[in-house]
Amino acid sequence: MANGDRLLRENGKGAAISRPLPVFFRSRTGQLLHDPVLLAIVLISFGLVGLFVVYPLARVFLVSLFPRGAFDPRYFLHLFEGRPYLVRPLLHSLTVATLVAVLGTVLGFLFAYAITRTDIPGKRVFRWAATLPLISPPFLLALSTLLLLGENGLITRWLFSRFGIRWSVYGLPGLVLTETLAYFPLAFFTLEGVLASIDPAQEESAMDLGASKLRTFLHVTLPLATPGLAAAFLLLFIRSLEDFGNPIVLQGRYPVLTVQAYLAITGMYNLPLGATLAILLLVPTVVAFLVLQLWVGRRSYITVTGRPTSAGLHTTEPLLKWPLFAALLLFSGIFFLFYGMIFYGAFTKLWGVNHAFTLENFHYVFSTGATYLLNTLQLAGIATPIGGLLGILLAYLVTRKSFPGRRLLDLLAMLNFAVPGLIVGMGYVFAFNTPPLLLTGTAIIIVLVFIFQRMPVAIRDGVAMLQQIDPAIDDAAADLGAGFFRTFRRVTLPLVAPALLAGMAYMFSACITSISAVIMVVLARWQLVTVALLHEVDNADLSQAAAYGVVIILIVLGAIFLMDFVIRKVLEGWKHAR
Amino acid sequence: MPVELVLAGLTKVFRGFRSAVVAVDHVDLEVEKGELVTLLGPSGCGKTTTLRLIGGFEVPTEGEIYLRGQRITHLPPQRRPTATVFQSYALFPHMTVFENVAFGLKVRRFPRAEIRRQVQEVLNLVGLTGLENRLPAKLSGGQQQRVALARVLVIKPQVLLFDEPLSNLDAKLRVETREHIRRIQKEVGITSLYVTHDQAEAMAISDRIVVMNQGRIQQVGFPQDVYLRPANPFVADFIGRANFLKARVVAQNATETEVELASGLRLRLPQRFSFASGEEVQMVVRPEAVDFCAPEEGHLQGQVVLAQLTGPSAHYRVALSSGEQVEVEVLGALEKGLLAPGTPVGLRLHLKSLHLLRA
Ligand SMILES: Nc1ncnc2c1ncn2[C@@H]1O[C@H](COP(=O)(O)OP(=O)(O)OP(=O)(O)O)[C@@H](O)[C@H]1O
Ligand SMILES: [Mg+2]
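Sequence lines, in order, name chains A and B. Its first residue numbered 212, the first sequence is counted upward by one per residue in the numbering used here. Its first residue numbered 446, the second sequence is counted upward by one per residue in the numbering used here.
Keep in mind that the hints were calculated from the coordinates and are not lab data. No residue lacks a Cβ here, since even glycine has one placed at the ideal position from N, Cα and C. Errors might be hidden in some of the hints.
Looking from chain B toward chain A, a few residues come up when the C-beta cut is under 10 Å (computed) [claimed, not checked]:
#1 518
#2 528
#3 606
Below, in silico cross-link-like pairs of lysine-lysine (PhoX-like), each with a Cα-Cα straight-line distance of 25 Å or less [as the list claims (entries may be wrong)]:
#4 424/A x 532/A
#5 583/B x 631/B
#6 478/B x 612/A
#7 780/A x 583/B
#8 532/A x 334/A
#9 478/B x 631/B
Computed spacing ranges between beta-carbons, pair by pair [unchecked claim]:
#10 628/A x 612/B: 53 to 63 Å
#11 562/B x 600/A: 30 to 40 Å
#12 681/A x 748/B: 49 to 59 Å
#13 248/A x 459/B: 21 to 31 Å
#14 257/A x 459/B: 22 to 32 Å
#15 459/B x 736/A: 47 to 57 Å
#16 679/A x 612/B: 16 to 26 Å
#17 551/B x 749/A: 53 to 63 Å
#18 459/B x 600/A: 25 to 35 Å
#19 615/A x 489/B: 23 to 33 Å
Based on the provided sequences and hints, a complete structural model is requested.
See below:
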């Protein structure tokens with residue numbers, strides 16, 4: 212320090228030098244102050260995340276705890292007094308979530324084990340079956356359930372009534388059945404990854420030591436897969452808690468939190484009650500999420516060996532293999548039956564009454580429903596590129612730049628990862644219903660919900676993309692004089708383009724199929740196709756609802772195939788250039 | 446030559462969750478215009494971090510950086526007149542050689558014709574003419590290295606920073622390329638800081654060498670100085686190899702120093718060191734500055750405990766009667782034949798190349 216000053220004075224230039232910054236401003240802040248563009252971007256990012264992520268969420272708490280501007284936690288007091296209108300939805304939601312998580316994890320493990328550890332035929336078909344619920348709106352299965360087991364359902368009409376069985380699918384059984392089918396694929400894909408990465412050498416060595424197959428399974432395979440099982444369980448638990456589309460169709464006299472919160476606000480205009488129910492929903496979701504992140508994340512003693520090992524240990528034991536095969540066949544059959552029903556229903560005059568073939572439903576969807584379709588495509592089409600770019604930009608900011616508050620920005624931007632969509636939407640309603648931020652009833656609020664609810668996924672994808680690129684490449688661009696935007700646009704963006712496009716395709720489908728977050732913010736003027744579908748179900752026009760479902764599935768598949776095509780073209784273009 | 450770059454008390458602490466690593470610890474350095482200075486040291490000693498601080502990729506925890514008298518400590522990389530050749534080259538994979546080299550000029554909004562002219566000129570300088578339209582993936586490692594060099598030369602930075610630029614090349618190409626870099630550096634006359642952990646590389650191309658260890662500068666000096674007159678045992682052992690023998694300064698005058706070894710042997714070294722008489726010191730004996738002779742003719746006596754042929758020379762370890770061990774390097778071992786372990790030998794020291802360090 213002193214040495215440098217001396218030198219400079221000797222060089223006669225010391226006078227030109229400004230005083231060193233105070234200690235507080237040293238380090239990262241110092242550099243930020245010399246980089247106005249980065250500074251502006253950091254501030255804008257904080258502003259956006261604060262306004263569109265943190266503030267709406269804060270409003271939910273404010274509305275619940277300060278109903279009329281003054282602190283009045285009456286609904287929480289009611290909860291502790293055991294008032295049923297608060298306690299029952301909570302218990303119901305937890306019951307459904309627990310059952311769905313257990314059954315879905317078991318089913319997922321069955322699929323995963325059969326596919327990674329046996330040589331059964333038809334693995335591809337089974338994987339397709341399990342992929343269906345991931346790309347379609349999850350609540351389409353509720354529609355299938357009604358088509359089969361509702362009052363006019365095929366099974367109800369032609370099986371139950373013939374044998375005089377009086378059984379209603381509404382309530383707990385319908386919810387558990389539908390949600391298990393809808394969400395088990397998450398467990399399957401998680402566990403498939405886990406089982407595939409367990410080094411078969413560990414299982415083999417157990418058998419070498421004389422352990423029986425059952426012993427090996429119980430004492431080696433299962434414990435090694437435990438973190439995976441826990442992760443799958445928690446994932447399904449969270450998904451079931453947040454689910455809105457299935458319960459609004461099927462809850463019957465078994466109210467759950469999401470639907471009750473929605474009804475409290477849209478039906479009773481009791482905002483504090485709705486907000487309180489939302490918080491009751493938020494607490495277990497966030498707890499499960501934190502457990503997932505902190506506990507399961509740490510305990511995963513999966514041995515990743517870096518070589519594809521799933522081919523390693525395939526049992527050919529007929530006694531194990533064929534029962535598993537039969538089970539997979541049964542469940543895949545159920546899947547194809549459920550989705551087949553939607554296609555069948557879409558071409559049927561009046562479900563349960565007149566099953567004559569017709570195209571009327573599609574005519575209806577493309578005439579009356581045309582505006583909903585166009586709205587959805589338009590808003591998702593606006594939200595996707597913005598959300599995708601914002602996601603990669605934030606990912607770039609938090610992984611490649613250093614500035615004070617970087618971790619906080621990361622955390623806040625990822626917040627909605629753990630927040631159920633319904634609460635995100637509710638926050639928007641509370642936050643943006645008064646000037647100067649009067650957005651309710653506009654298309655903007657729907658686009659914003661699309662963007663900021665999907666933001667965490669976009670960021671996570673972005674971080675994964677950036678990890679494929681040598682950070683020195685960014686450094687090199689800055690070193691050669693390029694500022695933030697030029698580096699991002701000319702260097703980073705072209706390099707992540709294919710992955711970004713893929714990410715956007717999924718974001719687009721997610722927007723098209725989303726319901727829980729947007730249900731709160733849609734209004735008559737900006738109706739979306741998923742909401743229209745729910746209305747048809749509500750009116751018992753199951754055939755028309757099914758036609759909507761078919762169209763949604765086709766749009767989603769179309770988007771994914773189109774992106775796939777574009778990406779392949781882009782990559783080919785690159786290869787040619789090389 | 447005027448001083449171009451000054452590092453003053455430069456310090457970088459990486460704070461982890463529970464730990465803190467002092468990667469660079471109060472580094473003071475002055476680099477003159479046109480000089481090539483290497484930062485040399487073992488892995489993890491803070492060379493890269495020092496370079497990244499100068500390039501603006503890290504911000505120091507303490508200390509300042511001055512370039513031509515301007516404080517640049519907190520300027521972001523794009524506003525510093527420095528340019529880095531990265532270890533991984535960091536070429537833009539989606540841009541051709543031409544576009545890579547032109548990038549910095551485009552940022553500076555040069556007219557197109559001017560960009561074309563300057564890029565051609567610099568590609569010519571580094572010997573890449575004709576490869577303008579290749580993508581980096583289609584170039585050899587050596588060619589990629591040259592693109593990285595051309596890309597920074599073309600923007601005429603005040604200081605060039607090299608982070609182990611040769612580490613991705615094979616041994617033969619490494620020697621060729623370092624000569625190439627040195628030739629161009631001299632031709633352009635650009636001030637350069639060059640990071641390496643290869644002492645031969647450092648000796649070959651540097652004007653001056655900065656030896657670092659654990660974030661601290663151990664010695665700054667001309668290549669022959671750090672070799673012949675290491676400032677401390679770390680430098681002595683890191684630059685080449687060294688034996689350390691206990692000794693005591695007995696007497697000295699303007700041209701000679703007399704020391705006494707543990708065995709009682711007294712040696713007159715033809716140099717003056719700044720020690721007081723009676724002071725305990727360590728004598729640095731280079732393995733190659735020792736010859737074998739008959740036991741009674743040697744300065745020291747001992748027994749061979751290890752003998753290895755390492756190509757053109759032989760490597761021995763000799764146990765002295767004092768209990769100390771000495772490594773010896775003998776050239777032309779093939780003609781002389783390898784001594785068997787157990788052979789009693791005498792050791793003659795080259796008095797001129799002996800060096801004394803504080804004990
Ligand atoms: N971003 C960082 N975060 C935390 N610690 C770091 C970071 N970068 C470097 N370090 C630590 O600082 C020390 C110096 O690292 P540096 O990369 O400067 O060493 P180096 O001399 O270049 O070594 P090498 O020869 O292996 O490249 C090391 O202990 C390293 O682990
Ligand atoms: Mg390094």
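Taking the hints in turn, this is what the structure says about them:
At its closest, the beta carbon of residue 518/B sits 7 Å from a beta carbon of chain A; the interface hint therefore holds under the 10 Å criterion. Taking 10 Å as the C-beta contact cut-off toward chain A, the hint placing residue 528/B at the interface holds, the least distance being around 6 Å. Against a cut-off of 10 Å between C-beta atoms, the interface hint on residue 606/B holds, since the closest Cβ of chain A lies about 9 Å away. For the given pair, residue 424/A sits about 13 Å from residue 532/A by alpha-carbon distance, which is consistent with the 25 Å threshold.
The suggested pairing of residue 583/B with residue 631/B is violated, with an alpha-carbon distance near 29 Å, which exceeds 25 Å. Taking the CA atoms of residue 478/B and residue 612/A, the gap is about 32 Å. The hint is violated against a cut of 25 Å. For the proposed pair residue 780/A and residue 583/B, the alpha carbon gap of about 21 Å is at most 25 Å, so the pair holds. For the proposed pair residue 532/A and residue 334/A, the alpha carbon gap of about 12 Å is at most 25 Å, so the pair holds.
Between residue 478/B and residue 631/B the alpha-carbon distance is near 11 Å, which keeps this suggested pair within the 25 Å criterion. With their beta carbons about 40 Å apart, residue 628/A and residue 612/B fall outside the hinted range of 53 to 63 Å. The hinted range of 30 to 40 Å is satisfied by residue 562/B and residue 600/A, whose Cβ atoms lie roughly 36 Å apart. The hinted range of 49 to 59 Å is satisfied by residue 681/A and residue 748/B, whose Cβ atoms lie roughly 54 Å apart.
A C-beta distance of roughly 26 Å is found between residue 248/A and residue 459/B, which places it inside the suggested range of 21 to 31 Å. As the Cβ distance of residue 257/A to residue 459/B is approximately 25 Å, the hint placing it in 22 to 32 Å holds. Separated by about 55 Å at the C-beta atoms, residue 459/B and residue 736/A satisfy the suggested range of 47 to 57 Å. A beta carbon spacing of about 22 Å between residue 679/A and residue 612/B agrees with the range 16 to 26 Å that was offered as a hint.
In this structure the hint that residue 551/B and residue 749/A lie 53 to 63 Å apart at CB holds, the actual value being about 59 Å. Distance hint check for residue 459/B and residue 600/A: the Cβ-Cβ separation is about 32 Å, which falls inside the suggested range of 25 to 35 Å. For the pair residue 615/A and residue 489/B, the supplied restraint of 23 to 33 Å holds, since their beta-carbon distance comes to about 27 Å.
The structure does not agree with the numbered hints 5, 6 and 10 stated previously, though it agrees with the rest.
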